[in-house]
Amino acid sequence: MNFRDVRHIKFDFVKHRKKYFIASGFIILLGLLSLLIFGLNLGIDFVSGTRVEIFIGQAFDEGEIIKELKGINLEPKSVVTAGAENDRAVLRYDKTLQKEEIAQIRGLYTEKFGEKVDVSASTVDPTISRELAWKAFYSVLIASIGIILYVTIRFEFRFAVSAIVALLHDAFMVIAFFSIFQLEVDLPFIAAVLTIVGYSINDTIVIFDRIRENLKYAKVKKVEDVENVVNNSIKQTLARSINTVLTVLFAAVALFILGGEGIRNFSLALLIGLISGAYSSIFIASQLWLTWKGKDMERAKFRSAS
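If you use our numbering, the sequence shown corresponds to residues 1 to 306, in order.
The hints are simulated quantities; they were obtained by calculation from the structure and are not laboratory data. Treat the hints loosely; a few may be bogus.
Said to hold, decoys possible - Each pair of labels, with its calculated beta carbon distance range:
| no. | residue 1 | residue 2 | range |
| --- | --- | --- | --- |
| 1 | Ser-304 | Ile-257 | 55 to 65 Å |
| 2 | Phe-11 | Glu-75 | 53 to 63 Å |
| 3 | Ile-37 | Glu-224 | 38 to 48 Å |
| 4 | Ile-180 | Lys-18 | 22 to 32 Å |
| 5 | Glu-64 | Leu-32 | 21 to 31 Å |
| 6 | Glu-156 | Ile-66 | 11 to 21 Å |
| 7 | Ser-139 | Ile-180 | 20 to 30 Å |
What the hints assert, rightly or not - Straight-line alpha carbon distances no greater than 27 Å define the calculated DSS-like cross-link-like pairs of lysine-lysine that follow:
| no. | residue 1 | residue 2 |
| --- | --- | --- |
| 8 | Lys-222 | Lys-135 |
| 9 | Lys-295 | Lys-221 |
| 10 | Lys-295 | Lys-15 |
| 11 | Lys-295 | Lys-219 |
| 12 | Lys-67 | Lys-99 |
| 13 | Lys-99 | Lys-301 |
Where is the CB? At the ideal position from N, CA and C, for every residue including glycine.
Taking the hints into account, I'd like the entire structure generated from these sequences.
This is the structure:
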């Protein structure tokens, strides 16, 4: 696609960049407030405890479940319905349950609902949970450093920093959403964030590559010339960006609807991150680079004039 192919697109992507920054800043502020007030609803992967999943075989009342468990002094921190027919109960405990206590829960529901009841439990102790949390942090950190090095070598430092800011933007959007709605954060959530990082940088690199190529043939003398290059570069890659995100979104939606309770939050995080990644590649990363480049050109012009 050349410049003539995009003349029919009237929207100016760079004209309203301050509005994009303000909109993202507002959402980030809400997320920060939510994190400060509510924090994250960390799953047992990151805080010690026990997760018990009970297949009951019929719909049940959460209040009744809590009442029955309270009767044997095993009241959970939370009870969540699961399964296509809400026939599963997922219990979360902050403490580590012993085998005898899990057997008590199994006996309670086997007696009430019969032998069809199935109980499974997973436990994480404090040492392992801390180790998992640090490994998750290191995974994101190493991925970010690798991206900075690659983009700096492949393009320039301004591109690298803009790309990382966009990635952090996407990751934080997912974190903020999970904090605001107090959804459980577990290891699949970290896998979703790393997947989003990979997707987002891929889309951003495509736009950056087009900007770099167009700069070779453009006569750049003032900031407006760079704005035109960025605007046209986004237009030239817009169809590719939309088609890519729609294709991946179809798969993510299918996972969210049909994937089951175990990967429900993973699929949701993926959905939010994919949408945010498509947005940030067009409206954040390239606009940050343009703003930075424009400031450098203005400073260079001022120094030459003085």
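Against the structure, the hints:
no.	hint	in the structure
1	Ser-304 to Ile-257: 55 to 65 Å	holds, 59 Å
2	Phe-11 to Glu-75: 53 to 63 Å	holds, 55 Å
3	Ile-37 to Glu-224: 38 to 48 Å	holds, 44 Å
4	Ile-180 to Lys-18: 22 to 32 Å	holds, 25 Å
5	Glu-64 to Leu-32: 21 to 31 Å	violated, 38 Å
6	Glu-156 to Ile-66: 11 to 21 Å	violated, 58 Å
7	Ser-139 to Ile-180: 20 to 30 Å	holds, 24 Å
8	Lys-222 to Lys-135	violated, 46 Å
9	Lys-295 to Lys-221	holds, 14 Å
10	Lys-295 to Lys-15	holds, 16 Å
11	Lys-295 to Lys-219	holds, 18 Å
12	Lys-67 to Lys-99	holds, 21 Å
13	Lys-99 to Lys-301	violated, 73 Å
The earlier numbered hints that this structure contradicts are 5, 6, 8, 13.
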